[in-house]
Amino acid sequence: MDILRNERDEILKAAERFCKSELEHDPSGHDWWHIHRVVQMADRMAREENADSFICALAALLHDVADEKLNESKESGLRKVQDWLEGQAMAEEERSHVLEIISTMSYNAGANPPMRTIEGKVVQDADRLDAIGAIAIARTFVYAGWKGHPIHDPNLPPRESMTPGEYRHDKSTAINHFHEKLLKLKDRVNTPSARRIAEERHRYMEQYVERFYEEWEGRI
Numbered sequence: 002m003d004i005l006r007n008e009r010d011e012i013l014k015a016a017e018r019f020c021k022s023e024l025e026h027d028p029s030g031h032d033w034w035h036i037h038r039v040v041q042m043a044d045r046m047a048r049e050e051n052a053d054s055f056i057c058a059l060a061a062l063l064h065d066v067a068d069e070k071l072n073e074s075k076e077s078g079l080r081k082v083q084d085w086l087e088g089q090a091m092a093e094e095e096r097s098h099v100l101e102i103i104s105t106m107s108y109n110a111g112a113n114p115p116m117r118t119i120e121g122k123v124v125q126d127a128d129r130l131d132a133i134g135a136i137a138i139a140r141t142f143v144y145a146g147w148k149g150h151p152i153h154d155p156n157l158p159p160r161e162s163m164t165p166g167e168y169r170h171d172k173s174t175a176i177n178h179f180h181e182k183l184l185k186l187k188d189r190v191n192t193p194s195a196r197r198i199a200e201e202r203h204r205y206m207e208q209y210v211e212r213f214y215e216e217w218e219g220r221i
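In this note's numbering, each number is its position in the sequence shown, counted from 1, plus 1.
Hints may contain errors.
[Said to hold, decoys possible] In silico DSSO-like links for lysine-lysine, alpha-carbon gap of 27 Å or less:
no.: 1; residue 1: LYS148; residue 2: LYS172
no.: 2; residue 1: LYS172; residue 2: LYS185
no.: 3; residue 1: LYS70; residue 2: LYS172
no.: 4; residue 1: LYS182; residue 2: LYS148
no.: 5; residue 1: LYS75; residue 2: LYS148
no.: 6; residue 1: LYS70; residue 2: LYS148
no.: 7; residue 1: LYS185; residue 2: LYS81
no.: 8; residue 1: LYS70; residue 2: LYS182
no.: 9; residue 1: LYS21; residue 2: LYS148
no.: 10; residue 1: LYS75; residue 2: LYS172
no.: 11; residue 1: LYS185; residue 2: LYS148
no.: 12; residue 1: LYS81; residue 2: LYS14
no.: 13; residue 1: LYS81; residue 2: LYS148
no.: 14; residue 1: LYS70; residue 2: LYS21
no.: 15; residue 1: LYS81; residue 2: LYS21
no.: 16; residue 1: LYS75; residue 2: LYS185
no.: 17; residue 1: LYS14; residue 2: LYS70
no.: 18; residue 1: LYS70; residue 2: LYS185
[Claimed, not checked] Derived CB-CB ranges, DEER-like:
no.: 19; residue 1: TYR205; residue 2: GLU11; range: 18 to 26 Å
no.: 20; residue 1: GLU76; residue 2: GLN41; range: 25 to 33 Å
no.: 21; residue 1: GLU11; residue 2: PRO158; range: 24 to 32 Å
no.: 22; residue 1: ASN51; residue 2: THR105; range: 31 to 39 Å
no.: 23; residue 1: SER162; residue 2: ASP44; range: 31 to 39 Å
no.: 24; residue 1: ARG18; residue 2: LYS185; range: 45 to 53 Å
no.: 25; residue 1: LEU184; residue 2: ASP53; range: 15 to 23 Å
no.: 26; residue 1: LEU157; residue 2: GLU11; range: 42 to 50 Å
no.: 27; residue 1: ALA90; residue 2: LEU157; range: 25 to 33 Å
no.: 28; residue 1: ALA90; residue 2: PHE142; range: 25 to 33 Å
no.: 29; residue 1: ARG160; residue 2: ARG212; range: 46 to 54 Å
no.: 30; residue 1: HIS153; residue 2: GLU94; range: 41 to 49 Å
The hints are simulated quantities; they were obtained by calculation from the structure and are not laboratory data.
Ideal placement from N, C-alpha and C gives every residue a C-beta, glycine not left out.
With the hints as extra help, turn the sequences into a complete structure.
See the structure below:
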């Protein structure tokens, strides 16, 4: 058991180095510190939900290395992670599980199917919780700036529905992103532990958006 624990610790340390080498200087809000927060939250929820903490931590560390926003394509991102996993001393079943989580956990305009395993649910929830609340507000404006989107444009209303391609590539605004994704996430988390955290963070974010519109119109 100690040998297995040591091997897993070494894999997680290697994954951290790999992730940092890929994302440490990311300007889009998907940088190393985002990963760090997701790993910490996934570890917390894995204990609460009786999930495999190793699988959760490894998938959390690698999930944005494969993100199609940060790669030429979804396929090239997943291939990068798969190549790295194949160099690690771990069971093929574990590799497949991590790749399955990473390939299906993104929001993708709400089009992806539900996560199959408790580990997938935990990692998806940990990632989504970083898109709800105070830090999520900061990340939204960082991401909008990276994409070249304005803060707000009253002539560009939030989209009620969209394809994954439209979600990725069409013009939007920082404030629209709250309506198109972030304010929907509270009802899309999987686990009881995530729902408790999401409720309070969601309220904070709603208050921010309400305040934004009040200031925009010069009412306060």
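Here is what the structure says about each hint:
no.: 1; hint: LYS148 to LYS172; in the structure: 9 Å, holds
no.: 2; hint: LYS172 to LYS185; in the structure: 20 Å, holds
no.: 3; hint: LYS70 to LYS172; in the structure: 15 Å, holds
no.: 4; hint: LYS182 to LYS148; in the structure: 16 Å, holds
no.: 5; hint: LYS75 to LYS148; in the structure: 18 Å, holds
no.: 6; hint: LYS70 to LYS148; in the structure: 10 Å, holds
no.: 7; hint: LYS185 to LYS81; in the structure: 30 Å, violated
no.: 8; hint: LYS70 to LYS182; in the structure: 16 Å, holds
no.: 9; hint: LYS21 to LYS148; in the structure: 22 Å, holds
no.: 10; hint: LYS75 to LYS172; in the structure: 21 Å, holds
no.: 11; hint: LYS185 to LYS148; in the structure: 21 Å, holds
no.: 12; hint: LYS81 to LYS14; in the structure: 18 Å, holds
no.: 13; hint: LYS81 to LYS148; in the structure: 24 Å, holds
no.: 14; hint: LYS70 to LYS21; in the structure: 17 Å, holds
no.: 15; hint: LYS81 to LYS21; in the structure: 14 Å, holds
no.: 16; hint: LYS75 to LYS185; in the structure: 24 Å, holds
no.: 17; hint: LYS14 to LYS70; in the structure: 25 Å, holds
no.: 18; hint: LYS70 to LYS185; in the structure: 20 Å, holds
no.: 19; hint: TYR205 to GLU11: 18 to 26 Å; in the structure: 39 Å, violated
no.: 20; hint: GLU76 to GLN41: 25 to 33 Å; in the structure: 30 Å, holds
no.: 21; hint: GLU11 to PRO158: 24 to 32 Å; in the structure: 51 Å, violated
no.: 22; hint: ASN51 to THR105: 31 to 39 Å; in the structure: 21 Å, violated
no.: 23; hint: SER162 to ASP44: 31 to 39 Å; in the structure: 35 Å, holds
no.: 24; hint: ARG18 to LYS185: 45 to 53 Å; in the structure: 35 Å, violated
no.: 25; hint: LEU184 to ASP53: 15 to 23 Å; in the structure: 31 Å, violated
no.: 26; hint: LEU157 to GLU11: 42 to 50 Å; in the structure: 49 Å, holds
no.: 27; hint: ALA90 to LEU157: 25 to 33 Å; in the structure: 51 Å, violated
no.: 28; hint: ALA90 to PHE142: 25 to 33 Å; in the structure: 42 Å, violated
no.: 29; hint: ARG160 to ARG212: 46 to 54 Å; in the structure: 23 Å, violated
no.: 30; hint: HIS153 to GLU94: 41 to 49 Å; in the structure: 47 Å, holds
When each numbered hint is compared with the structure, violations occur for hints 7, 19, 21, 22, 24, 25, 27, 28, 29.
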